[in-house]
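Note that the protein sequences, when read in sequence, are chains H and D. Counting from 1, one number per residue, gives the positions in the first sequence under our numbering. Counting from 1001, one number per residue, gives the positions in the second sequence under our numbering.
Bear in mind the hints are in silico, worked out from the structure with no lab data behind them. Here the structure is a predicted model, which means the values were calculated and not measured. Take the hints with a grain of salt, since some may be wrong.
What the hints assert, rightly or not - Which bits of chain H does chain D cover? Going by a derived footprint, with three or more residues having C-beta under 8 Å, they are:
1. 19-29
2. 46-57
3. 93-105
4. 123-132
5. 137-144
6. 147-153
7. 176-182
By construction, the Cβ of each residue, glycine as well, lies at the ideal position given by its N, Cα and C atoms.
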Amino acid sequence: MKAEIRKIVIVVEETRSEMGKPVDPPTRKAVAAAVIRNPFAGRYAEDLEPLMAIGEELGGVLGERAVAALGVAPGRIESYGKAAIVGERGEWEHAAAILHPRLGKPLRAAVEKGAALVPSAKKMGGLGTAIDVPLGHKDAAFVRSHFDAVEIRIPDAPRADEIVVAVALTDSGRPLARVGGLQTSEVKGEDGLR
Amino acid sequence: MHRRAALLAVIHNPYAGRYAADIMPMMEALKGLGLEMAGRLVRLLGGDAKVVEGYGKGAIVGAAGELEHGALWHAPGGYAMREVLGDAKAIVSSTKKVGPVGCRLDVPVTHINASYVRSHFDAMEVGLADAPRDHEMVVALVMTTGARIHARSGGLQASEIKGEDGLR
């Protein structure tokens, strides 16, 4: 099943200063989100395969759009995350079927590599529900400077029979990161953890 | 029955309102709070740490603070839960933001011993009506007792966990 996309929203957040100190180069986060029709709104479906196919499609579409929004080569992407908001006639598990089985592979292709787990969040909600998309380093989950999140909110979505699906990417860690832990310079990028 | 529990603390942010280069002392200072919160959360779920299968953490920094202050919660929050739950193996996923009084935060949740257990990928929205004030931070821990309701999206099952690398 192809996703029936009502709209795509892309947001880029660029932080140039924090607590009065310049952030140079600026840290940048992009979120690409699609509002899609939920084919299973209002009824229980045992087999959620169509949503898994939609997840696969959106992993590529949203990953590429977010990379393009940052305007960098795919290999320059440093962290990623994903999230979904299911409209009120859907089911919590619909978010899982989109996010978890197949969205990751095309997303990793869009950002080159991606040894680490793609952190995620999901919820149900009405129009204008906000969600925090968690972010983690794409090749080494323990890189502490890249633990982060970015909020996305679409005022007119999700309607009751819709789902908002979001992919977030960055080309940087947090602004002025200074709480220690594993550093990007120490990443081996083999096991996805360190 | 599937249960999710969150414990939130509202704490003073000593670095609010100015840039402080060295904020690491606060990380050390939060260790006790992390352990206290993790213990209380287990008691909230009945007192038996064995029922806890998923976890996550998060922080909301008040308006006079800096996003980085939220990062101070990673080590004390995460390691406290791992310790209280009996040396849990998986990384504790997290979110953070700077926000106003009443701000909500979606705390991501994953399996405590194997991050890739698909049935346990989840999240819980938390927040408090009167916090964080501008010189405060809300720190949060979340624990869950099992898979998502009606989980049927395949992937690694909890019964298949090896539990060696924290991933599978």
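Hints, verified against the model:
For the stretch 19-29 of chain H, the stated coverage by chain D is satisfied: 3 residues place a CB nearer than 8 Å to a CB of that chain, which reaches the threshold of 3. Only residues whose beta carbon comes within less than 8 Å of a beta carbon in chain D count, and the stretch 46-57 of chain H has 3; three or more means the coverage holds. A stretch counts as covered by a chain when three or more of its residues have a beta carbon under 8 Å from one of that chain; for the stretch 93-105 of chain H and chain D the count is 6, and the coverage holds. For the stretch 123-132 of chain H, the proposed coverage by chain D is satisfied: 4 residues have a C-beta within less than 8 Å of a C-beta in that chain, meeting the threshold of three.
For the stretch 137-144 of chain H, the stated coverage by chain D holds: 3 residues have a C-beta nearer than 8 Å to a C-beta of that chain, and at least 3 were required. Using a Cβ-Cβ cut-off of 8 Å, 4 residues of the stretch 147-153 of chain H lie near chain D, which meets the minimum of three, so the contact claim holds. Coverage of the stretch 176-182 of chain H by chain D holds in this model, with 6 residues showing a Cβ closer than 8 Å to a Cβ of that chain against a need of three.
Checked against the numbered hints above, the structure violates none of them.
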